[in-house]
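**Student:** As you go down the protein sequences, you meet chains A, B and C in turn.
Each residue of the first sequence is one higher than the one before, counting from 1 in my numbering.
Each residue of the second sequence is one higher than the one before, counting from 1 in my numbering.
Each residue of the third sequence is one higher than the one before, counting from 1 in my numbering.
Just so you know, not all the hints are guaranteed correct.
It does not matter which identical chain is meant; a pair holds if it fits inside one copy or across any two.
[Unchecked claim] Only pairs whose alpha carbons sit at most 16 Å apart, straight line, appear in this in silico EDC-like list of lysine to aspartate or glutamate:
| hint | residue 1 | residue 2 |
| --- | --- | --- |
| 1 | K29 | E47 |
| 2 | K29 | E263 |
| 3 | K314 | E328 |
| 4 | K100 | E128 |
| 5 | K325 | D312 |
| 6 | K230 | D192 |
| 7 | K285 | D192 |
| 8 | K111 | D79 |
Honestly, the hints are just simulated from the structure, not real lab data.
Here the structure is a predicted model, which is why all the values come from computation and not from measurement.
If you want the building blocks of each chain, they are given just below.
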Amino acid sequence: MKFPLTQIAQILSARIEGNADIEISNIAKIQEAQTGDIAFLANPKYEPYIYTTQASAVIVSKNFQPKQALSTTLLIVEDAYTAFSTLLLAYEKLINSPKKGIEQPAFISEKAILGENIYIGAFAYIGENAQIGNHTQIYPNVFVGENVKIGKNTIIYAGAKIYKNCIIGDNCIIHSGAVIGSDGFGFAPQTDGSFQTIPQLGNVVIEDNVSIGANTTIDRATLGATIIKKGVKIDNLVQIAHNVIVGENTVIAAQTGIAGSTEVGANCMFGGQVGIAGHLKITNKVNIGAQSGLGTDVTQENTNWQGSPAMDLKEFYRAYAVFRKLPEIYKKISELERRLNED
Amino acid sequence: MKFPLTQIAQILSARIEGNADIEISNIAKIQEAQTGDIAFLANPKYEPYIYTTQASAVIVSKNFQPKQALSTTLLIVEDAYTAFSTLLLAYEKLINSPKKGIEQPAFISEKAILGENIYIGAFAYIGENAQIGNHTQIYPNVFVGENVKIGKNTIIYAGAKIYKNCIIGDNCIIHSGAVIGSDGFGFAPQTDGSFQTIPQLGNVVIEDNVSIGANTTIDRATLGATIIKKGVKIDNLVQIAHNVIVGENTVIAAQTGIAGSTEVGANCMFGGQVGIAGHLKITNKVNIGAQSGLGTDVTQENTNWQGSPAMDLKEFYRAYAVFRKLPEIYKKISELERRLNED
Amino acid sequence: MKFPLTQIAQILSARIEGNADIEISNIAKIQEAQTGDIAFLANPKYEPYIYTTQASAVIVSKNFQPKQALSTTLLIVEDAYTAFSTLLLAYEKLINSPKKGIEQPAFISEKAILGENIYIGAFAYIGENAQIGNHTQIYPNVFVGENVKIGKNTIIYAGAKIYKNCIIGDNCIIHSGAVIGSDGFGFAPQTDGSFQTIPQLGNVVIEDNVSIGANTTIDRATLGATIIKKGVKIDNLVQIAHNVIVGENTVIAAQTGIAGSTEVGANCMFGGQVGIAGHLKITNKVNIGAQSGLGTDVTQENTNWQGSPAMDLKEFYRAYAVFRKLPEIYKKISELERRLNED
């Protein structure tokens, strides 16, 4: 397939700077692009490539100021990353069509309620009273427990497991191996050192437009619901414990864990391998750097945290800069002591 | 369903303080409970809610001393958390009945030995010579390899995988996506920089009353067995490497990893995202705080560890308190040096 | 089965020291071995056991110098660990034969291309145009998406998921629950605080002789490929993000995460729970200690890193040794200040 650059410019509401009379056959990374490809530049780290790229065209944000001569054509947009994403979405629609139909053998309870235009892959299991919304795609080997409700236009990839009574919204994507609704980790210690298992009778509610990464686990509430609010994006191998609430549009990177009953606000961003203790309240727009461990409530928006235990990000880096010099500091102090003792 | 409070008090061996002549229709969290609900108070963090809760009754431990007037009825017990757990267990038995029967299609080797009153879900795989004990429930898409022995009253949730030759006890719960018996990570370095895979010929033995969380992985031993002793509770996304032994009633929170051949004692508690190096011996009743990294043997019981590498918990927090002040300390030292040089 | 020790010596090109006229019936760990067993000694930590072991024979490296009298027979080889591994491989071939045949029900697209002597377990799914090489074993409940190519002599254990278009080489082992080709975690922030999902149109390429651990996740590239080069060994619960490249024979321990677009060189070794930021370049032969967080490019080979953020390993331990003394240092500085002020 070839597309005139002018057509792409129209889709992206882009202004063309350079040769507009070309055709594009592929989308590529700026450092690998060849003639006929379109690329994009958003991360300044990749700017040097724009001066040497073989790409026929490059999407850039309107604030991009070239520092050298360019041999490629520019498509100038409001925000290059969003425009690139829009272009990929348009391209994806061209090359991929949603799966439809029911493959055999699948296990579908007679009491399940199925929407229109759905896909159910082979070896998928749809339990009693489960509801699957229109245009939703359930891949092979997925388990949907009894009374689960799944909205419309949602994709559940191969081998994800949804325990009974959980609720999943519209336009969600749940990746392979994700487990939604496993028991919360609750045990009452007994006098003999053993533990009595506390039944977990609640569920998980995932609102609309949520993405859940591969092999991520979200435990059901003891009572009530573990809630993932709309627009939340969760990466792979993340652990969300029982009764946690994650606010709208919060983004959680891979291997992060949130302990039980913690409430996270909206529009937060958590890096990879972050740990958050239980029973905390975190307000909106809180950023936590990778590998940090948060042990206290956060009441102030637009704050940045780093370290384990986490503190203000800038303070952490100032302290860590001195940490690196500790052996030298230790010598200095010994030297100061010696000099004082000599006096 | 409605239950007289007096009946609940009897189940829990509780003393009623306040209006005993009420009926309970639901169990709820203290901060969300409504009229007709019973709640509990165990974590002191939630004490303020008891003075404002709408709950008709609240379970409290006998040592609870109200600091304000209460409008709710109290159920006074030895330990509120255990009583709450007992109540949930009784309630769960009322609303859930164990699954039974064999759904089709399932793959069951002719040489497998099946107990009575078991459940085998659709698309479950039971390999050659596998044994499934009475009243055990195997959910859909579970894989049980050849020669695996599973005890009685055990639940294996959808999509868990048990590799060949592994042994699982009675009254265990294994959550979705858990992998029991994958190969230990062992490779012999070769002179050309490549690695020769070391076959892992042992197995995993899981004793009675063990809980394994969703997507947790427990590797088989190279030789002999990786052993999880009775009463151990393991959360989600935990990694237990080959030849590890975990002692009775030890509790391991989410995303913790234990490297190969380490022996962990009984009644230990490990927080989330803890890392433990290989070939260590850890005695009984050792507590390791979240995100800590243990690199040495622990020979003393009732010790608490924190940090990476881990040290005594109190020492860690004392050192970390000073870490926060390092930039200020650095200035002080420079100032001291300046003054000494001036002298 | 019993094997003359002389036969084992021949397989391992070993020199016998002690009684050569014995038979071996089992392989065991040196600390547990009984009469009739053969064991090995590679890790010096286990040397004490060689003086008390009941093993009939022990494999040792040629540089092993006994410090006490030995009652066991020695098999002296170039490298004990490799010889042990070779012995296990020979033994494994005797006791395990590769699985063959297609179990029913399996879902195999009519357009799939199947090699010879393959195994496809029950409830496995082989999508359109997928190719499975000769002697490859696909265990039950595995999902192989459309256009996936899998080489020969590869084993995919129960419940692993390979998304469409991914490529897997020869002689690979992919453990249960591993997810290959899930979407990269890419979202373009919108002005209303929500995120637009960036389609992930690339794939994952896994070259020959690669091992992937249980429940490990490897995301597909946005464009192009996420590449795991030949001989790489990846443990359980590892996260490899989109567009990452991992160089030949690199070894990655459990629960480590590598963020998007980072390029890792050959022959690196990463400990458990390591975090590596995105868009980095790491050269060959770089070692990163457990729980470290790497945030910068590494351009120098044979370097060792520790800490979060990571620094030179030796410098980290020197600084950490002082960190432990910070409360004491803080007192000293106050004391120095007091004395100076008194002067």
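**Student:** Indicate which option fits the pair K111, D79 if close means a Cα-Cα distance not exceeding 16 Å: within, between, both or neither.
**Tutor:** neither (48 Å within a copy, 42 Å between copies)
**Student:** Between K314 and E328, at a C-alpha cutoff of 16 Å, which is it: within one copy, between copies, both, or neither?
**Tutor:** between (22 Å within a copy, 14 Å between copies)
**Student:** Within a copy, between copies, both or neither: where do K29 and E263 come within 16 Å Cα-Cα?
**Tutor:** between (38 Å within a copy, 15 Å between copies)
**Student:** Please work out whether the CA atoms of K285 and D192 approach to 16 Å or closer within one copy, between two copies, in both situations, or in neither?
**Tutor:** between (45 Å within a copy, 13 Å between copies)
**Student:** Is the C-alpha distance from K325 to D312 at most 16 Å within one copy, between copies, in both cases, or in neither?
**Tutor:** between (20 Å within a copy, 12 Å between copies)
**Student:** Cα distance capped at 16 Å. Does K100 pair with E128 within a copy, between copies, both, or neither?
**Tutor:** between (22 Å within a copy, 14 Å between copies)
**Student:** When Cα atoms must be at most 16 Å apart, do K230 and D192 count as within-copy, between-copy, both, or neither?
**Tutor:** between (44 Å within a copy, 13 Å between copies)
**Student:** Using 16 Å as the alpha carbon limit, work out where K29 and E47 are close: within a copy, between copies, both or neither.
**Tutor:** within (12 Å within a copy, 54 Å between copies)
In the structure shown, a violation is registered for the earlier hint numbered 8 alone.
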